[in-house]
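Turn these sequences into a full structure, and let the hints guide you.
Chains as they are written, first to last, in the working numbering: chain A, 1 to 407; chain B, 408 to 525; chain C, 526 to 696.
Think of the hints as simulated: they come from the structure by calculation, not from any bench. It is possible that some hints are incorrect.
Within a straight-line C-alpha distance of at most 30 Å, the following computed DSS-like cross-link-like pairs (lysine-lysine) qualify [unchecked claim]:
| hint | chain 1 | residue 1 | chain 2 | residue 2 |
| --- | --- | --- | --- | --- |
| 1 | B | K445 | A | K328 |
| 2 | A | K346 | B | K440 |
| 3 | B | K440 | A | K87 |
| 4 | A | K346 | A | K387 |
| 5 | A | K161 | A | K91 |
| 6 | B | K464 | A | K87 |
| 7 | B | K519 | A | K87 |
| 8 | A | K91 | B | K440 |
| 9 | B | K445 | A | K91 |
| 10 | B | K464 | B | K519 |
| 11 | A | K87 | A | K161 |
| 12 | C | K552 | A | K346 |
| 13 | B | K519 | C | K552 |
| 14 | A | K346 | A | K328 |
| 15 | A | K59 | A | K91 |
Across the chosen pairs, the derived CB separations fall in these ranges [unchecked claim]:
| hint | chain 1 | residue 1 | chain 2 | residue 2 | range |
| --- | --- | --- | --- | --- | --- |
| 16 | C | N613 | A | E97 | 29 to 35 Å |
| 17 | C | A619 | A | L48 | 41 to 47 Å |
| 18 | B | Y515 | A | P8 | 52 to 58 Å |
| 19 | B | G511 | A | R205 | 52 to 58 Å |
| 20 | C | A619 | B | Q493 | 53 to 59 Å |
| 21 | B | S447 | C | L574 | 48 to 54 Å |
| 22 | C | M526 | A | Q10 | 48 to 54 Å |
| 23 | C | A619 | A | D320 | 40 to 46 Å |
| 24 | C | A537 | A | A83 | 47 to 53 Å |
Anything over 12 Å on all C-beta distances counts as not near chain B; from chain C, calculated [what the hints assert, rightly or not]:
| hint | residue |
| --- | --- |
| 25 | A590 |
| 26 | M600 |
| 27 | T614 |
| 28 | S642 |
| 29 | L655 |
| 30 | F672 |
| 31 | A675 |
| 32 | M687 |
Idealized CB from N, CA, C, for every residue including glycine.
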Amino acid sequence: MTPWYQDPVQFIAEWLRGVLLGWGMPPSGVELVLTVLGAGTIALLAMLWVVFLIWYERKLIGRIQDRFGPNRVGPWGIFQPIADMLKIFTKEYITPEGVDRVPYNLAPILAVASVLLIWAVIPFTMTVMGVNLNVGIVYIIASGGLGVLGIILAGWSSNNKYALLGGFRAVAQLVSYEVPMVVSLLIPVILAGSLGVNDIVMAQRIPYLLSAPVAALIFFITSMAETGRSPFDLTEAESEIVAGFNIEYSGLKFGMFYVAEFLHAFTVSLLFATLFLGGWRGPLAEQVPLLGFVYLVVKTFVVYFVVILFRGSLPRFRIDQMMDLNWKLLTPLALVSLVVSALVAKPLEEMPLAQTLALLVSNGIVLILFIEGTGKKVQRKREIVGKPRPLAVPHPEEQQPAQSTGG
Amino acid sequence: MLSEWLYVGVFFLIAMFLPAAAIFIAGILAPKKPNPIKSSTYECGIETVGPAWIQFKAQYYIYTLVFLVFDVEVVLLFPWAVAYHQLPLFAVVEGVIFILILLGGLLYAWRKRALEWL
Amino acid sequence: MTGLQIAFLAIAAVTLASAVLVVSSRKIMHAALWLVLALGGIAALFATLEASFFAAVQVMVYIGAIAILIIFSVMLTRRVMEDTGPQNTRYWPAALVVSLGVFGGILFLFLQWPGFSVESRPGLEQGDLLVRFGQALVSPDEFVVPFEVASILLVAAMIGAMIIARDPSRK
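This is how it looks when you write it as structure tokens:
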């Protein structure tokens with residue numbers, strides 16, 4: 001029996017196993033029950049966590065915008081998201097006529113499920129995780145693809161040409177930004193030698209933020225574009241194409257898209273902290289697993305803070321600027337940095353410190369060359385199609401009466 | 408290995424079931440008063456004009472296609488990346504050649520102005 | 526009947542049913558959506574065979590990219606939700622007899638093969654399997670030539686599709 005302080009989850013699992021076997025359940029049934037309980041716990045906790053995230057984000061956005069954020073409902077407004085949840089649970093589902101029922105109802109479920117699935121492979125401490133899938137990275141990319149499918153189902157099944165248009169644009173954005181994301185994910189895999197997420201965390205003696213800064217930067221930017229956060233939220237912002245693909249959704253179905261977006265932003269921060277900042281690693285994390293969890297939470301919240309900061313301070317991109325940024329800057333940058341990292345890391349494999357330093361320097365050179373070289377080309381010059389019109393000047397005779405009546 | 412995939416399968420079912428249950432509960436709690444005006448399709452407050460299809464731009468197709476090509480490329484590179492520590496230098500160079508050929512394809516697409524949003 | 530066999534039968538039934546629905550759906554959009562379910566079933570079958578990499582890649586490439594491409598190309602046809610009527614031809618009993626005959630013939634051949642009832646195990650551990658796969662892809666006496674030719678093929682596909690899909694009004 002593992003002592004409870006060393007691995008509380010394993011302790012509970014072993015105790016439950018003993019209890020169920022004592023009741024006479026067959027061993028395979030016991031494993032199934034434990035699996036369901038473990039999966040259900042993670043999924044339920046993730047969905048309940050969104051309530052806290054909504055409060056955190058609203059307070060932080062409020063402070064960035066020089067106001068308080070919610071502070072009426074409970075001390076510091078902590079019951080505000082609960083009030084919001086109660087409201088949205090009791091809103092009517094207005095289903096427009098002519099929708100295709102099954103895809104229409106499936107789309108919000110798929111959107112949330114695709115984000116929840118990522119939580120199954122993230123290691124919270126050295127031994128606490130859903131599964132240590134040995135193809136964790138490919139699994140994460142695959143569940144991102146499910147989310148894209150949900151959006152196209154939503155846009156198409158709503159029987160609304162604006163939803164369809166918004167859905168197409170959203171899918172074009174998501175699909176384009178997935179290219180540099182998957183290429184940049186190859187670099188931690190090269191450095192760690194495995195596709196499993198816990199293996200990547202365990203291989204990070206030195207956090208990969210230092211060995212692969214360009215990959216971290218690209219992963220961060222493309223993940224924010226994947227979640228549809230500002231500054232990339234053109235396709236579903238409230239003032240653009242009448243809110244995009246989720247026009248015809250109301251009540252909790254719309255709430256589910258909202259939940260999916262917030263949870264996705266936090267999941268992306270969690271992934272960044274795991275893959276590039278070392279996850280649960282830190283001093284004494286192997287001996288005291290709870291400390292590993294604390295490290296992970298601190299790192300994730302640092303990244304989430306930066307994500308919210310981006311949302312609150314940057315203006316929205318236009319769609320052609322977004323696509324130019326992706327195809328003309330991020331994708332070539334990701335490919336070139338992959339090539340450079342692969343070539344630089346190989347000769348220096350035995351000396352990890354020298355390898356990290358060489359990778360850092362070469363990544364820096366690649367980044368500077370790219371920003372100087374293609375960064376200028378990405379900003380498009382628009383031709384002037386008309387002469388600027390002169391400003392209106394008041395007629396000389398009209399100035400007299402204005403001066404006499406002005407006080 | 409099989410137990411891991413069983414976990415993933417169970418997790419998928421639970422992840423689909425939880426939002427479905429929430430939506431179902433809200434469906435019970437919420438009022439249901441459909442009327443023809445509420446159920447009509449939204450078109451900025453005016454009456455709908457024409458059936459719900461739009462001119463599909465070929466640019467969407469090109470973006471998805473280029474994504475598919477790079478997705479397959481990355482799938483072929485994943486085993487190369489996993490075996491990186493056990494590979495000699497010339498094998499790494501072979502992978503680099505693979506990436507450079509695809510980078511050439513991307514530059515061709517850029518020059519032919521196929522990647523612009525128009 | 527072990528749990529694995531029950532799981533296999535259930536997944537196979539779902540996959541076959543959705544594959545039949547792909548070809549017999551009256552609305553082309555529904556056919557595309559059933560295809561997504563069929564591809565997911567194949568991924569689940571890969572998982573039961575412990576081919577984790579291929580299961581995840583199946584979802585990532587087929588459902589995440591190819592299914593979206595198919596849905597987009599379905600959108601290129603104008604009448605996406607039109608009921609196109611029953612999809613079977615007049616000669617479907619003859620087709621059923623021929624396909625059952627082919628299936629019976631293949632099954633007979635497999636039963637003659639002594640390896641049919643032997644369970645195969647991979648020779649390496651899961652992690653080493655992927656490493657071995659990577660080494661095989663770039664090793665000069667194994668698969669490096671198809672590996673490089675694959676990249677040329679991908680670039681050719683990209684260029685070809687761009688030329689075909691290019692807007693003729695654009696210069």
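Each hint tested on the structure:
no. : hint                           : verdict
1   : B/K445 with A/K328             : 45 Å, violated
2   : A/K346 with B/K440             : 67 Å, violated
3   : B/K440 with A/K87              : 17 Å, holds
4   : A/K346 with A/K387             : 57 Å, violated
5   : A/K161 with A/K91              : 24 Å, holds
6   : B/K464 with A/K87              : 39 Å, violated
7   : B/K519 with A/K87              : 52 Å, violated
8   : A/K91 with B/K440              : 11 Å, holds
9   : B/K445 with A/K91              : 14 Å, holds
10  : B/K464 with B/K519             : 18 Å, holds
11  : A/K87 with A/K161              : 29 Å, holds
12  : C/K552 with A/K346             : 54 Å, violated
13  : B/K519 with C/K552             : 37 Å, violated
14  : A/K346 with A/K328             : 28 Å, holds
15  : A/K59 with A/K91               : 25 Å, holds
16  : C/N613 with A/E97: 29 to 35 Å  : 31 Å, holds
17  : C/A619 with A/L48: 41 to 47 Å  : 59 Å, violated
18  : B/Y515 with A/P8: 52 to 58 Å   : 56 Å, holds
19  : B/G511 with A/R205: 52 to 58 Å : 36 Å, violated
20  : C/A619 with B/Q493: 53 to 59 Å : 55 Å, holds
21  : B/S447 with C/L574: 48 to 54 Å : 50 Å, holds
22  : C/M526 with A/Q10: 48 to 54 Å  : 32 Å, violated
23  : C/A619 with A/D320: 40 to 46 Å : 55 Å, violated
24  : C/A537 with A/A83: 47 to 53 Å  : 48 Å, holds
25  : A590                           : 4 Å, violated
26  : M600                           : 5 Å, violated
27  : T614                           : 29 Å, holds
28  : S642                           : 20 Å, holds
29  : L655                           : 5 Å, violated
30  : F672                           : 7 Å, violated
31  : A675                           : 6 Å, violated
32  : M687                           : 5 Å, violated
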